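So the protein sequences, as listed, match chains A and B.
Take 1083 as the starting number for the first sequence in this note's numbering and just add one per residue.
Take 8 as the starting number for the second sequence in this note's numbering and just add one per residue.
Hint data in this document are derived by calculation from the structure and do not stem from the laboratory.
None of these values were measured; they are calculated from a predicted model.
Check the hints yourself; a few may be wrong.
Said to hold, decoys possible - If you want the footprint, here are the derived chain A segments under chain B, 3+ residues with CB under 8 Å:
#, region
1, 1190-1201
2, 1302-1314
3, 1317-1327
4, 1362-1373
What the hints assert, rightly or not - Here are some, though not all, of the chain A residues that point toward chain B, as calculated from beta-carbon distances under 10 Å:
#, residue
5, Val1147
6, Ile1253
7, Asn1258
8, His1264
9, Lys1265
10, Phe1332
11, Pro1595
12, Ile1602
13, Ile1604
14, Glu1607
C-beta: ideal position from N, C-alpha, C; glycine also.
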Amino acid sequence: MSTLALPSRDNYLDNGFSLWSWLSSIDHKRIAILYAISITLFFFIGGAAATLMRLELITPTGDLVSAETYNKLFTMHGVIMVWFFLIPSIPSTFGNFLVPLMIGARDLAFPRLNLASWYLYVAGGLFTVGALIAGGVDTGWTFYTPFSTMFSNTHVIADAAGVFVVGFSSILTGLNFIVTIHKMRAPGMTWFRLPLFVWSMYATAIIFVLATPVLAMTLFLLAIERFAGVGVFDPALGGDPLLFQHLFWFYSHPAVYVMILPAMGVASEIITCFARRNVFAYRSMAFAVLAIAIIGFLVWGHHMFVSGQSIYAGMVFSILTFLVAIPSAIKVFNWTATLYKGSIRFDAPMLYLLGFVALFTIGGMTGLILASLALDVHLHDTYFVIAHFHYIMVGGAVMAFLGAVHFWWPKITGRLYSDRWARFAAIVVFVGFNLTFFPQFILGYLGMPRRYHEYPAQFQVLNVLSSAGASVLAIGYLLPLFYLYWSLRYGPRAGPNPWGAKGLEWQTSSPPPVDNFATIPIVTEAPYQYAPVESGHG
Amino acid sequence: MASAVVVARQFDDTDQQRRASDLGMWVFLATEVLFFGALFVAYTATRVHDPAAFEIASRLTNVTLGSINTGVLLTSSLVMALAVRSAKLGLRRASIVFMGATIVLGIAFLAIKGTEYWLDYAGHLVPAINFSHPGPHAGGVENFFYLYFFMTGVHSLHMLVGIVTVSVLLIMAARGDFTPWYFTPVELGGLYWHLIDIVWVFLYPLLYLVGRSS
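Only chain A is shown next, with the shape it has when bound in the complex (with noise of 0.2 Å):
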């Protein structure tokens, strides 16, 4: 069913050709490419931070770098992989192209806005790189108090104001993405009749917009502080440091669900389409997102149990988190019940998705591990910590990406890619993942701490495990680059609809008009209603 359809003339991609032409662009679909151009340029910067870390840690001694550059390197590694490639990822590219597609509208509700977030971004990363350039900044991404005020001798106030500038961009996609799902729907497009990508996105929007402005507000206190002297953090001058990290992480916390709830809207897509089955309970894993994400603005003191905070905040905070458990176990019970008597496809973004349901479910169950009060104070600032966020941010949100990556290009591109590479490069990253964060639970349940450059020498075996591990991923992660630039140059047309999946997005051509569709559709079904017993190929 690939081979009609001629390319369009009037599709976004052939809408004006000159650099101002994109840079000017208001159209959704040029703003998620540009997005995506950005993300990727900062995820592999990111990765050589990465690298340098992954070197330094094949022995035990400091060789590679001094103990200073290593603070620079991680810092830099979690500023950027976290607020310049995370954060923005799914929602700003996916979420750009796809939520118009989705619920059939022409555009988001706010165009410029939408183009003055990206703008926004770039801002946000000139600042970050400027810092980066200068001499960097070592105090983690997390810029605890008084380190950040008072003692570190490098360029936090730089550093805090590109985040400050990037959030600004987020608050604006999230406030596009509210009004958009809430008022441009097509005719029949129940909330109940969204695909769940839009739900996950609607979610995610929330956070941006309750969540994102006490960030801003805290490293703008912070910078002040820093610069004049005087401030409400810093014990010296009878601030409170951890009235810091309750307002860090009241933002951070639940940032952590912007990078997982969008990979949750994706997996919900893709496993459908290629277990051609209806979603499984597909109410109560539109309320588990929106679940998800109001708890996950409550947990945020569970990063607090070994600094001071009462033991009954404590408490709390240690319950509400397990609490948060349970919706995303409905997600990955609901995912799983899907496949189930599914005619199953192993195409390259199924395997994708599939490894991130695996990888999802570790770094979830080793979650409740870390939240419980116990537990936390042996594997608190260790590698543990280490391993089970990246089971979440890579293994999770990372893999979905790519999934993301794969499923939709035909649509962005017109195009198709090998497979057999996608396939193998799915492979790839799955195991250079596990090989690279896996021995990492073990280093940390064994007392290996955080963020030094030195370790014991009977450390060492499963260090090199992981920076083995990491170069494996590191090919995997290449590998696209190379045959999704073939696909851009000499792949074959992809038609409207290669997979034969359900939503809106693929009843227009591709890539999609400049107004997304010739005729804005009419929506009689719910989503997802791949007739249940079929050979495959649809």
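Go by the hints and put chain B onto chain A.
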């Protein structure tokens, strides 16, 4: 007179366009509440640490000018509400006059606030520049004034944005851009103005009145 309303290409009709703009503004106001929310949390935590210092310090603020300013700002909200109402009824002249009054009152607020800052400076109350306080709790008093300048400073920045916004609306109204069928920008500008006002309603007791009850 541009009486025909322009519908942007992504919208179906004027009604959808207006409702989208309205919701967008309310979401934006929610983010503003959380901006200031972080500051109120910082204020609360710092005050719990040293309540005596906050009592002493709030008595050092200029409650006369602060109270006058509260009156000025509440009045400005009244005239802004009247401006929105006039625009809705198509009373162009009245809406222009009321928006002008809003701008004048906004500028008056900033002028009074500036005077107050100058008096604070003369009284050696500006942290990191010339702060000195005799007696105990000097550190806590300094932290109070740090928050005082920070919170009222951020609020004044919002006032400045509000004044510029209403000025643009006034020019648009004078050009005849608004009709009883299209006055969304005035309505949204009004919402923003009221939010700034509400923030002040919380700032005023917390900063000026806290220590004066006994």
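Structure-based check of each hint:
1. 1190-1201: Contact hint for the region 1190-1201 of chain A vs chain B: holds, 4 residues under 8 Å.
2. 1302-1314: holds (count 7)
3. 1317-1327: holds (count 5)
4. 1362-1373: This one is violated; 0 residues, fewer than the three required, reach chain B with a Cβ under 8 Å.
5. Val1147: violated (36 Å)
6. Ile1253: Holds, about 6 Å.
7. Asn1258: Since the shortest Cβ distance to chain B is 8 Å, the answer is holds.
8. His1264: With a minimum Cβ separation of about 6 Å from chain B (threshold 10 Å), the hint on His1264(A) holds.
9. Lys1265: holds (4 Å)
10. Phe1332: At about 8 Å, which falls below the 10 Å cut-off, the nearest Cβ of chain B leaves the hint on Phe1332(A) intact, so it holds.
11. Pro1595: Result: violated, 13 Å to nearest chain B Cβ.
12. Ile1602: Check passed: Cβ of Ile1602(A) comes within 8 Å of chain B, closer than 10 Å.
13. Ile1604: violated (13 Å)
14. Glu1607: Cβ of Glu1607(A) sits 22 Å from chain B, so the hint is violated.
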